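Peer 1: With the hints as constraints, model all of the structure from the sequences given.
There are 2 protein chains.
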Amino acid sequence: MSQLLDLLNQFTHQHNQNRLVYNQDWLSNQRALILLGQRNGATATVDDYGNVYLDFPGQMNDRPVATGSHMDTVKHGGRYDGLYGVLGGFCAIQQIYEQHGIPKHPLRLISFSEEEGSRFPATFTGSKYYTGTLQTEVISDKQGITFDEARRLAVTQLQQLPHVKTQRVSLPVTFTELHIEQGPRLAESHKKIGLVTGIVAQKRYEVTVHGQANHAGTTPMIQRQDAIATASALMAKLYALAAKAAEDLTFTIGEIHVSPNVSNVVAESCRFTIDCRANTDDQLTAFVTQMLQLLEQSKRTSVIETLCVSATRLSDDLRMQNAALATQMNYSYQTLFSGAGHDSQIMSSFVPTTMIFVPSEAGISHTPTEYTKSADLLMGVSLLANSLFVQANGE
Amino acid sequence: MSQLLDLLNQFTHQHNQNRLVYNQDWLSNQRALILLGQRNGATATVDDYGNVYLDFPGQMNDRPVATGSHMDTVKHGGRYDGLYGVLGGFCAIQQIYEQHGIPKHPLRLISFSEEEGSRFPATFTGSKYYTGTLQTEVISDKQGITFDEARRLAVTQLQQLPHVKTQRVSLPVTFTELHIEQGPRLAESHKKIGLVTGIVAQKRYEVTVHGQANHAGTTPMIQRQDAIATASALMAKLYALAAKAAEDLTFTIGEIHVSPNVSNVVAESCRFTIDCRANTDDQLTAFVTQMLQLLEQSKRTSVIETLCVSATRLSDDLRMQNAALATQMNYSYQTLFSGAGHDSQIMSSFVPTTMIFVPSEAGISHTPTEYTKSADLLMGVSLLANSLFVQANGE
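Residue numbers (full-length UniProt numbering), protein chains in the order written: chain L, 1 to 395; chain V, 1 to 395.
Rather than coming from a laboratory, the hints here were simulated on the basis of the structure. The structure presented is a predicted model; accordingly, all values stated were derived computationally and were not measured. A hint or two may mislead.
Identical copies go unnamed one by one, so any copy, or any two together, can satisfy a pair.
Claimed, not checked - Derived BS3-like pairs (lysine-lysine); straight-line CA-CA distance at most 25 Å:
id	residue 1	residue 2
1	Lys165	Lys104
2	Lys237	Lys142
3	Lys165	Lys128
4	Lys373	Lys75
5	Lys75	Lys128
Peer 2: Quick look at the structure:
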């Protein structure tokens with residue numbers, strides 16, 4: 001069972017992870033995963049977006065039971081977000097073959113190319129491509145490299161590896177994603193397993209306050225159009241509005257960009273992002289309506305919606321099956337809602353989908369200090385193995 | 001008299017100026033100025049900081065009467081800030097020699113290397129080096145190039161030009177700086193000339209709010225340490241405090257830096273700059289005391305003072321002499337305080353110093369739209385020429 005910990009070490013080296021889609025770190029990990037799968041009896045397929053599929057045989061040659069997660073990270077991310085579901089999924093499948101031999105139905109491990117949106121302004125491109133729901137547009141990273149340039153360069157290298165298949169892959173019969181919680185609820189309740197009922201609704205915006213660049217010493221205060229003065233007042237009001245919203249609602253301004261961003265020049269523009277999420281579409285709409293009213297009152301302020309995702313209900317059947325297994329295994333668990341987006345919310349529109357969470361220490365994630373105890377990581381893999389075993393030997 | 005306009009065109013090419021100290025644009029302009037001076041009978045000297053001195057002969061070989069300004073600009077600056085005082089000073093000197101021959105005392109044009117602090121975190125390094133008041137420390141630009149590396153590379157190229165002297169240059173007998181106002185007061189009063197009584201006191205700070213990076217969806221709002229939430233509330237309070245301060249006080253937050261600056265990550269830190277100025281040291285101290293009290297109340301917030309300049313009184317004698325000349329010449333003028341820092345405030349501690357302002361359209365500066373009418377530019381040069389002529393032929 002130390003295989004998972006060895007693999008995590010081998011695939012990360014350090015705590016600070018910068019595995020942005022199609023970059024060198026991403027490429028070397030997807031390559032290592034392909035070789036690992038092939039050495040262990042899997043057929044590897046890489047589609048044109050760099051999703052890696054490892055197919056392990058069943059007694060029947062029908063649609064597989066699938067597990068997996070995404071290979072990319074946020075900038076300065078941690079070791080577990082995404083990667084744990086990929087390597088944990090691999091270990092769970094290995095465990096089934098080692099302990100029980102070939103199951104009735106085949107098993108598939110999926111390592112999605114991209115979920116975080118940390119390099120290009122698009123999220124879930126891996127699972128969206130897989131499910132045929134990706135709308136393509138020309139997008140570039142901060143260095144001006146287009147998504148398609150980066151994609152072709154990286155994916156070609158994976159597809160040219162020996163024995164790698166390159167066709168599009170059909171959908172599995174179910175999808176189970178193992179993931180760290182990324183929030184504090186399991187850590188606080190001292191439960192070992194989280195079984196996910198659904199995933200939050202989410203909207204993102206980009207707000208730009210337009211001002212007039214001017215000299216910080218010679219322009220009388222009353223004659224200024226100071227973009228930071230307006231933006232900071234606006235941000236403070238938005239946070240105050242969010243503080244009065246539903247308890248489960250989250251509101252985050254994570255990015256600020258000022259132009260020209262010079263200490264002795266009155267700011268010409270101040271652009272900031274808004275990320276807000278709620279457990280239901282209605283809660284989110286109620287907040288966003290108030291928020292947009294507030295933004296409309298601000299002069300010289302423009303707002304663009306950059307993301308809109310409805311709340312997702314995951315499979316009740318699969319969750320209840322996992323709850324029964326957790327009880328058998330004597331693992332404490334709770335059901336919960338996911339505040340983070342996951343590939344599962346894309347997959348769930350097409351196949352019964354469920355998620356298994358393990359605790360995040362102090363609820364911290366998306367940073368190098370993200371941490372889950374080894375024992376907790378291994379418990380998640382054991383539950384996943386039992387869950388996949390039951391599914392792969394069922395009707 | 002179209003010489004000035006030709007020179008301005010020749011030294012700028014476009015409206016957007018990025019002549020940061022020691023960069024390529026800076027270097028080619030200082031080089032062009034040296035050649036221009038030498039072609040017109042001046043001895044050129046370049047000191048180790050890249051200040052360029054053009055010395056024009058007098059009948060006596062004593063201390064010169066000096067004029068000039070700085071060669072550098074802010075990032076995305078305009079065509080007139082600094083450069084007008086250099087090229088306008090050159091034209092004024094030319095006018096004297098053409099119309100009156102060699103004056104009693106020599107004349108000197110100074111093109112200071114740096115005043116804006118736009119590349120390295122240090123301001124007035126040119127005039128401070130000249131007056132022997134520069135305190136050196138190891139500083140770097142945003143690319144990690146140290147001040148000394150950049151300086152040596154650029155200055156060596158100037159010092160190796162034919163007939164260029166490289167020794168340190170003694171102080172002049174007086175210093176007169178011609179400059180655009182950079183504020184709206186002349187434009188509003190429809191006066192053509194501003195005669196400067198003094199320069200504002202100025203303090204700058206860097207404020208850092210420390211938070212905890214975390215996931216924007218999974219971290220409950222009440223458990224966050226969101227650096228942007230704290231910083232935006234703080235900035236809004238600071239602007240409100242400034243709105244209640246003395247009328248002449250200016251307060252600017254011009255720079256914001258967020259880490260990691262990703263839309264779906266709660267900010268780990270938010271750093272911003274403060275620039276505040278007032279006509280007297282007492283006014284500034286009164287405001288800054290309140291401001292620091294407010295900042296002290298904010299948790300996880302650290303403050304560093306990065307600049308402290310006392311209010312400067314310029315020469316009353318020289319200003320009154322220029323007022324008399326302006327009256328003779330039928331130029332409308334007003335006295336005013338400078339809200340911007342200038343090399344004159346460094347020079348004034350050592351030699352009688354005065355400044356002549358011309359109107360800035362709409363008071364706009366430190367941006368490519370900075371503009372002064374040609375007729376106003378030429379009026380400033382004419383007054384400067386008469387002022388230097390009187391000084392260079394006096395006792």
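Peer 1: Now, for every hint given, state plainly whether the structure supports it.
Peer 2: Hint check:
no.: 1; hint: Lys165 to Lys104; in the structure: within (24 Å within a copy, 90 Å between copies)
no.: 2; hint: Lys237 to Lys142; in the structure: neither (30 Å within a copy, 33 Å between copies)
no.: 3; hint: Lys165 to Lys128; in the structure: within (20 Å within a copy, 68 Å between copies)
no.: 4; hint: Lys373 to Lys75; in the structure: within (23 Å within a copy, 49 Å between copies)
no.: 5; hint: Lys75 to Lys128; in the structure: within (21 Å within a copy, 42 Å between copies)
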